[in-house]
Amino acid sequence: MSIQTQIKPTSRALDLLEASDRSRDVFEALSLMIERAKLGVGDQLPPEIEIARKLNVGRAKVREALIAWQNMGLVTRNKKAGTRLAAEISSTAIHIPVTLKLEGESLLRTHAVRRPLEIESVRLAARHATEQQARVVRARAAELMAVYEAGEDWRAADKRFHSEIQNATGNPLFEQLIQQIQHAFNEIYEAPFGQPHLGQATIPLHPGLAEAIAAHDEAAATEIMSTILDMVEEEVRKVMRGLHA
Numbered sequence: 001m002s003i004q005t006q007i008k009p010t011s012r013a014l015d016l017l018e019a020s021d022r023s024r025d026v027f028e029a030l031s032l033m034i035e036r037a038k039l040g041v042g043d044q045l046p047p048e049i050e051i052a053r054k055l056n057v058g059r060a061k062v063r064e065a066l067i068a069w070q071n072m073g074l075v076t077r078n079k080k081a082g083t084r085l086a087a088e089i090s091s092t093a094i095h096i097p098v099t100l101k102l103e104g105e106s107l108l109r110t111h112a113v114r115r116p117l118e119i120e121s122v123r124l125a126a127r128h129a130t131e132q133q134a135r136v137v138r139a140r141a142a143e144l145m146a147v148y149e150a151g152e153d154w155r156a157a158d159k160r161f162h163s164e165i166q167n168a169t170g171n172p173l174f175e176q177l178i179q180q181i182q183h184a185f186n187e188i189y190e191a192p193f194g195q196p197h198l199g200q201a202t203i204p205l206h207p208g209l210a211e212a213i214a215a216h217d218e219a220a221a222t223e224i225m226s227t228i229l230d231m232v233e234e235e236v237r238k239v240m241r242g243l244h245a
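Going by this note's numbering, the first residue of the sequence shown is number 1, and it counts up by one from there.
Some hints here could point you the wrong way.
Result set (DSS-like, lysine-lysine): computed pairs, CA atoms no more than 25 Å apart in a straight line [as the list claims (entries may be wrong)]:
#1 Lys79 to Lys38
#2 Lys238 to Lys159
#3 Lys61 to Lys79
#4 Lys80 to Lys38
#5 Lys61 to Lys38
#6 Lys61 to Lys80
The following label-pair restraints were derived from C-beta to C-beta distances [as the list claims (entries may be wrong)]:
#7 Gln176 to His216: 21 to 27 Å
#8 Lys80 to Arg241: 40 to 46 Å
#9 His128 to Val41: 37 to 43 Å
#10 Ala60 to Gly40: 25 to 31 Å
#11 Thr227 to His128: 21 to 27 Å
#12 Thr130 to Pro47: 52 to 58 Å
#13 Gly242 to Gly82: 35 to 41 Å
#14 Ala60 to Glu120: 35 to 41 Å
#15 Pro207 to Glu64: 37 to 43 Å
#16 Leu173 to Ile67: 20 to 26 Å
#17 Arg53 to Ala150: 45 to 51 Å
#18 Arg237 to Gly40: 21 to 27 Å
Derived from the structure by calculation, the hints contain no laboratory data. Just so you know, even glycine gets a beta-carbon here, dropped at the ideal spot from N, CA and C.
Given the sequences, and given the hints that come with them, work out the whole structure.
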């Protein structure tokens, strides 16, 4: 199949869609475009300017969406080959918004990459944390629990807690890599499935993680972190199963 024949059905699908300037609407329109055109991995999308014209949105919005998808591994982009799909985009039920399915799949891919980094970071923190670093990790855990128990938005406190753990590893690359991965996902989905507190059930486990690190108990720290990650993954899968119910 030539590039030209790949683009033609996509263009026809674009004629059927409308998008507003909201990022989520652009993502949804692009997802439906790809699904309706029956594009698969390796197929090429139309040029940005054509997508923008058909969706009646600014070209900058289209570029922003495609760059975000590139960060999540959904597409590849280069000047010579254009933008091509790197992952399947399809829905299993017509009533489920394609974007919600993509959110779940993207989050699980991100989670799989983060998992070994997060586990290794707590292991190294338990091994190398100084007394001062251990006190700060405990303090961050106490702060996180106070915010959580007050029923307030705990996400910033959670980020500070994990940042202190990564800092205690003695290797700044852990924090850089984990933050880059998280930032790439948040470029698209700040609140997956519209649930800003995804993973909230894991918060009560964090003080135990802080104590394990302070006690230099590598086995306990990695076990607790693995449990936290398992719980988050299961919550994502549960939401995805609910979408198909």
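Right, here's what the structure says about each hint:
1. Lys79 to Lys38: Satisfied, since the Cα-Cα distance of roughly 24 Å is no more than 25 Å.
2. Lys238 to Lys159: holds, 24 Å
3. Lys61 to Lys79: holds, 18 Å
4. Lys80 to Lys38: holds, 23 Å
5. Lys61 to Lys38: holds, 23 Å
6. Lys61 to Lys80: holds, 22 Å
7. Gln176 to His216: 21 to 27 Å: holds, 24 Å
8. Lys80 to Arg241: 40 to 46 Å: Cβ of Lys80 to Cβ of Arg241: about 41 Å, so the range 40 to 46 Å holds.
9. His128 to Val41: 37 to 43 Å: holds, 42 Å
10. Ala60 to Gly40: 25 to 31 Å: holds, 28 Å
11. Thr227 to His128: 21 to 27 Å: holds, 22 Å
12. Thr130 to Pro47: 52 to 58 Å: Holds, since Thr130 and Pro47 (Cβ atoms, about 54 Å apart) stay within the stated range.
13. Gly242 to Gly82: 35 to 41 Å: holds, 36 Å
14. Ala60 to Glu120: 35 to 41 Å: The hint (35 to 41 Å, Cβ to Cβ) holds, given that Ala60 and Glu120 are roughly 38 Å apart.
15. Pro207 to Glu64: 37 to 43 Å: Holds, at about 39 Å.
16. Leu173 to Ile67: 20 to 26 Å: Given about 24 Å between the Cβ atoms, the range holds.
17. Arg53 to Ala150: 45 to 51 Å: This hint holds: roughly 49 Å between Cβ atoms.
18. Arg237 to Gly40: 21 to 27 Å: holds, 24 Å
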